[in-house]
Amino acid sequence: MNLAVRVGAVRLANPIMAASGTFGFGPEYQGLVNIARLGGIAVKGVSPGPWPGNPPPRVWETEGGMLNSIGLQNPGVEVFCREDLPFLRTTKTRVVVNVIGRTIDEYCQVVERLEAESGIDALELNISCPNIKEGGMSFGQDPEHAAQVTRAVRACTKRPLWVKLSPNVADPGAIAAAVERVGADAISAINTVVGMAIDVKRRRPALGGISGGLSGPAIKPIALRVVYQVAQSVSIPIVGMGGIRSVEDVVEFLMAGASAVMVGTATFAEPGTMEAIIEELPGYLARLEVSSVHELIGAALPGR
Amino acid sequence: MESPRVSRYRIVSRMEKAKDHVELILEAPVLARAVPGQFVHVRTPGTLRRPISFSRLNPVRGEAGLLFQVVGPGTAWLAGREQGDWLDVLGPLGQGFPRPEPDRPWCLVGGGVGIPPLYAALTAWQNDVTASIDAILGARSQDYLIMLEDFGAQIDHPIAVTTDDGSVGAQGTVLGPLAHWHARHPTGQVYACGPMPMLAAVARLMQTSGVAYLALEQRMGCGVGACLACVVMANGPEGPLWRRVCHDGPVFRAEELIWS
Numbered sequence: 001m002n003l004a005v006r007v008g009a010v011r012l013a014n015p016i017m018a019a020s021g022t023f024g025f026g027p028e029y030q031g032l033v034n035i036a037r038l039g040g041i042a043v044k045g046v047s048p049g050p051w052p053g054n055p056p057p058r059v060w061e062t063e064g065g066m067l068n069s070i071g072l073q074n075p076g077v078e079v080f081c082r083e084d085l086p087f088l089r090t091t092k093t094r095v096v097v098n099v100i101g102r103t104i105d106e107y108c109q110v111v112e113r114l115e116a117e118s119g120i121d122a123l124e125l126n127i128s129c130p131n132i133k134e135g136g137m138s139f140g141q142d143p144e145h146a147a148q149v150t151r152a153v154r155a156c157t158k159r160p161l162w163v164k165l166s167p168n169v170a171d172p173g174a175i176a177a178a179v180e181r182v183g184a185d186a187i188s189a190i191n192t193v194v195g196m197a198i199d200v201k202r203r204r205p206a207l208g209g210i211s212g213g214l215s216g217p218a219i220k221p222i223a224l225r226v227v228y229q230v231a232q233s234v235s236i237p238i239v240g241m242g243g244i245r246s247v248e249d250v251v252e253f254l255m256a257g258a259s260a261v262m263v264g265t266a267t268f269a270e271p272g273t274m275e276a277i278i279e280e281l282p283g284y285l286a287r288l289e290v291s292s293v294h295e296l297i298g299a300a301l302p303g304r
Numbered sequence: 001m002e003s004p005r006v007s008r009y010r011i012v013s014r015m016e017k018a019k020d021h022v023e024l025i026l027e028a029p030v031l032a033r034a035v036p037g038q039f040v041h042v043r044t045p046g047t048l049r050r051p052i053s054f055s056r057l058n059p060v061r062g063e064a065g066l067l068f069q070v071v072g073p074g075t076a077w078l079a080g081r082e083q084g085d086w087l088d089v090l091g092p093l094g095q096g097f098p099r100p101e102p103d104r105p106w107c108l109v110g111g112g113v114g115i116p117p118l119y120a121a122l123t124a125w126q127n128d129v130t131a132s133i134d135a136i137l138g139a140r141s142q143d144y145l146i147m148l149e150d151f152g153a154q155i156d157h158p159i160a161v162t163t164d165d166g167s168v169g170a171q172g173t174v175l176g177p178l179a180h181w182h183a184r185h186p187t188g189q190v191y192a193c194g195p196m197p198m199l200a201a202v203a204r205l206m207q208t209s210g211v212a213y214l215a216l217e218q219r220m221g222c223g224v225g226a227c228l229a230c231v232v233m234a235n236g237p238e239g240p241l242w243r244r245v246c247h248d249g250p251v252f253r254a255e256e257l258i259w260s
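As they're listed, the protein sequences go chains A and B. Using my numbering, read the first sequence as starting at 1 and increasing by one per residue. Using my numbering, read the second sequence as starting at 1 and increasing by one per residue.
Bear in mind the hints are in silico, worked out from the structure with no lab data behind them. Take these hints with a grain of salt, some might be off.
Just so you have them, the derived chain A footprint on chain B, three or more residues with Cβ under 8 angstroms [claimed, not checked]:
1. 44 to 54
2. 148 to 162
Stretch by stretch, here's where chain B covers chain A in the computed footprint (C-beta under 8 angstroms, at least three residues) [said to hold, decoys possible]:
3. 16 to 27
4. 104 to 118
5. 266 to 276
All C-beta atoms, glycine included, are put in the ideal place defined by N, C-alpha and C.
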């Protein structure tokens, strides 16, 4: 059974990757997850300087999912290159660095700093985080702003450039098409869905950041609809994510048009989720009477 | 130190310790070698696991205890488990208490569901400490007070008890008896676990002299340091920074932390 897939120029041994923000910078799950078995890992968002993140509580469980308001706490690109990249270089998997900034210039600062470093297979432009006041999701709200930041970053790097989209928009297909036109190599979809919860004991919003990003199985239908729509709006590959926890979930995303997927929230409860899916994938594909993952990509799209 | 793993362990006994408080004893030789103050992340039917610290660690019998309060659907499900059932557990996790210094008076201060890890610490190290050992246990009311009998079986002099309503022990918080203890043992060592306001007050009291180690609780995601959910403000080399309760803690030295 052939599990290998391509996301543009990036070849993955299998289509299962760890989603940004749920897998730290790689070493945290050592001993619990065999990183070498994964198709790839997307590390936590990296900004030009250190970002403190939001006040706790930063997570809150909800029906079928969870809210987070981490606020992209990270040590900044300099510390990332010095302390985290050496480990990532030793991993026998694809490394995707998620990039975040408050301004277009800040996105470019991160990408330019990473240019000199080896061990990075792709960049994932985060224009979709709902938990910061400036930058992040504000760039992903309309096609024009999304294209501006993508065009600027494109000029700074030859590395494969993936753009991670927000579901909190009217027309994700139009945003995907806009970033494709200015040189994006792939689309990651989706980031979390904006939501909130109230802690009735404290009579206050449950999260320190008031609102947060909803993830987990509850958002899978939203994610599938975005992937399905984006797949009909662009010709670049799509990396699908949102509530995946089983091999059947993965196959749904593939059929909706994703070339690969990322698993996030499911890893918290079951660190072995990604490896279990990779283990089960060949048997599942055999039952569907296909001999490669590739055959399923976009199988549910109109005209297929 | 035992490295964390996901494994299934059989419940060998289940006890109602107080109103809304249940203790499960697991047949778990690996967990039984953990350090008091460390915790496990227990699978429940929801999206996230539930962090619970060890109430007892018996490496000879290969048993580890988990004592928790029922606060929501996850812990309610856990409280419904019975002897013979199996639990899916990730652990042991985090940094536990250090071994106490043998010649410093030692005081264990627990508030509510913060009491159990102190009992694990007491039973692990009481024979190492040649100085005096005291315990101060606090609860909302008599109905919610846990582990007084357990402590009483280990410590041969009276244990200070406080309740918010005075239904047992002295009315008030653990801070009253702790201030008295600290006045008598200014260079003593305090191990404390309980609600954040209690720990903040313990830290303030111990600022002048002595040492205090605090075991913290915070809303947690992954439990292994990856998601940065369960942070607490601490002093860093270049100013304040967030540290992870699950990975850098849950036990911190009092002076490491910044209280808002």
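These are the hints, each one checked on the structure:
no.	hint	in the structure
1	44 to 54	holds (count 4)
2	148 to 162	violated (count 0)
3	16 to 27	holds (count 4)
4	104 to 118	violated (count 0)
5	266 to 276	holds (count 6)
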